[in-house]
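Protein chains in written order, with the working numbering: chain A, 1 to 115; chain B, 1 to 110.
Hints are computed from structural coordinates only; laboratory data are not their basis.
If you're wondering where the values come from, they're calculated on a predicted model, not measured in any experiment.
Warning: the hint list may mix true and false statements.
[What the hints assert, rightly or not] Under the rule of at most 30 Å between Cα atoms (straight-line distance), these lysine-lysine pairs were calculated in the DSSO-like manner:
| no. | chain 1 | residue 1 | chain 2 | residue 2 |
| --- | --- | --- | --- | --- |
| 1 | B | Lys109 | A | Lys42 |
| 2 | A | Lys57 | B | Lys76 |
| 3 | B | Lys105 | A | Lys42 |
| 4 | B | Lys57 | B | Lys105 |
| 5 | A | Lys42 | A | Lys83 |
| 6 | B | Lys57 | A | Lys42 |
| 7 | B | Lys109 | B | Lys81 |
| 8 | B | Lys76 | B | Lys105 |
| 9 | A | Lys78 | A | Lys57 |
| 10 | A | Lys42 | A | Lys57 |
| 11 | A | Lys42 | B | Lys76 |
| 12 | B | Lys76 | B | Lys57 |
| 13 | A | Lys42 | B | Lys68 |
| 14 | B | Lys105 | B | Lys68 |
| 15 | A | Lys42 | B | Lys81 |
| 16 | B | Lys57 | B | Lys109 |
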Amino acid sequence: EPEVTQTPSHQVTQMGQEVILRCVPISNHLYFYWYRQILGQKVEFLVSFYNNEISEKSEIFDDQFSVERPDGSNFTLKIRSTKLEDSAMYFCASGAGVSSQETQYFGPGTRLLVL
Amino acid sequence: GQNIDQPTEMTATEGAIVQINCTYQTSGFNGLFWYQQHAGEAPTFLSYNVLDGLEEKGRFSSFLSRSKGYSYLLLKELQMKDSASYLCAAPTDSNYQLIWGAGTKLIIKP
Numbered sequence: 001e002p003e004v005t006q007t008p009s010h011q012v013t014q015m016g017q018e019v020i021l022r023c024v025p026i027s028n029h030l031y032f033y034w035y036r037q038i039l040g041q042k043v044e045f046l047v048s049f050y051n052n053e054i055s056e057k058s059e060i061f062d063d064q065f066s067v068e069r070p071d072g073s074n075f076t077l078k079i080r081s082t083k084l085e086d087s088a089m090y091f092c093a094s095g096a097g098v099s100s101q102e103t104q105y106f107g108p109g110t111r112l113l114v115l
Numbered sequence: 001g002q003n004i005d006q007p008t009e010m011t012a013t014e015g016a017i018v019q020i021n022c023t024y025q026t027s028g029f030n031g032l033f034w035y036q037q038h039a040g041e042a043p044t045f046l047s048y049n050v051l052d053g054l055e056e057k058g059r060f061s062s063f064l065s066r067s068k069g070y071s072y073l074l075l076k077e078l079q080m081k082d083s084a085s086y087l088c089a090a091p092t093d094s095n096y097q098l099i100w101g102a103g104t105k106l107i108i109k110p
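In isolation and in its complexed conformation, chain A is listed as follows (with noise of 0.2 Å):
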C-alpha cells in the first residue's frame, strides 16, 4: 500500500540554524501539506501546497518557513533559523483530491529538536 514518508524521522539542530524536513508523497496525489505538533498539544496546519504554488497557509507559516517541490517526488519545508518555539513534531500529509474534503494521509512525521 502506498505511504508518505519523512526524513528525517528525528533532527536535532541549534538555534539559529537552517534545517530541511523532507517528504515523499503518495505518487499519484496532488495536495500536500504540513503540519507541526508540539509535544501534547493538538496539531497545527502550517501550509498547503497544489499544483506547485501555496494555496493557503496559517500564521505560524512566517518568512522563516518556505516550502518546495525540487522535483516530482519530494516536497521540502524549510526554517531558515529555527528557534527554541519551532521544536515540535513536523508532519507531511497528502491527498488525492483538490481540497482538503480529500482524505490526507499522513507521513511518520519528523520530530524537530531545536537546543
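Fit chain B to the given chain A structure using the hints.
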C-alpha cells in the same frame, strides 16, 4: 470563528463500547474527519462524514448531525490497542486546510 471541541480524556474497559463526542463551529461545512493517533505516531484516517447519519466501518462508527454541529465516534468491542488519541477535524470554509480538535485521549483498562 471556527472551533472544534472534544473531551480531553476518556476511560473505558476492554470489550466495552465508548462514544467520543465532537462539536464544531465552522463558517461553512465541508465534512468532518476522525483520525486516530497513537502516542508519538502520525494521525491515521478513520472516517469522513459529509451527510447526516451513522456510518459504520467494522468496530468503528461515526455519526454526524449538521444541524447540531455535532459528531461522535463510536468504538465497539474495545481492544487494548485502541488506546490512543482520537482527533476530530473539519475543512475550513476556504477548503484548503483542516482545523483540528485537541484530541480525546482514550485510556482502556483490562
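Hints and how they fare:
| no. | hint | verdict |
| --- | --- | --- |
| 1 | Lys109(B) - Lys42(A) | holds (24 Å) |
| 2 | Lys57(A) - Lys76(B) | violated (38 Å) |
| 3 | Lys105(B) - Lys42(A) | holds (12 Å) |
| 4 | Lys57(B) - Lys105(B) | holds (21 Å) |
| 5 | Lys42(A) - Lys83(A) | holds (19 Å) |
| 6 | Lys57(B) - Lys42(A) | holds (26 Å) |
| 7 | Lys109(B) - Lys81(B) | holds (11 Å) |
| 8 | Lys76(B) - Lys105(B) | holds (16 Å) |
| 9 | Lys78(A) - Lys57(A) | holds (14 Å) |
| 10 | Lys42(A) - Lys57(A) | holds (17 Å) |
| 11 | Lys42(A) - Lys76(B) | holds (25 Å) |
| 12 | Lys76(B) - Lys57(B) | holds (11 Å) |
| 13 | Lys42(A) - Lys68(B) | holds (24 Å) |
| 14 | Lys105(B) - Lys68(B) | holds (24 Å) |
| 15 | Lys42(A) - Lys81(B) | holds (21 Å) |
| 16 | Lys57(B) - Lys109(B) | holds (23 Å) |
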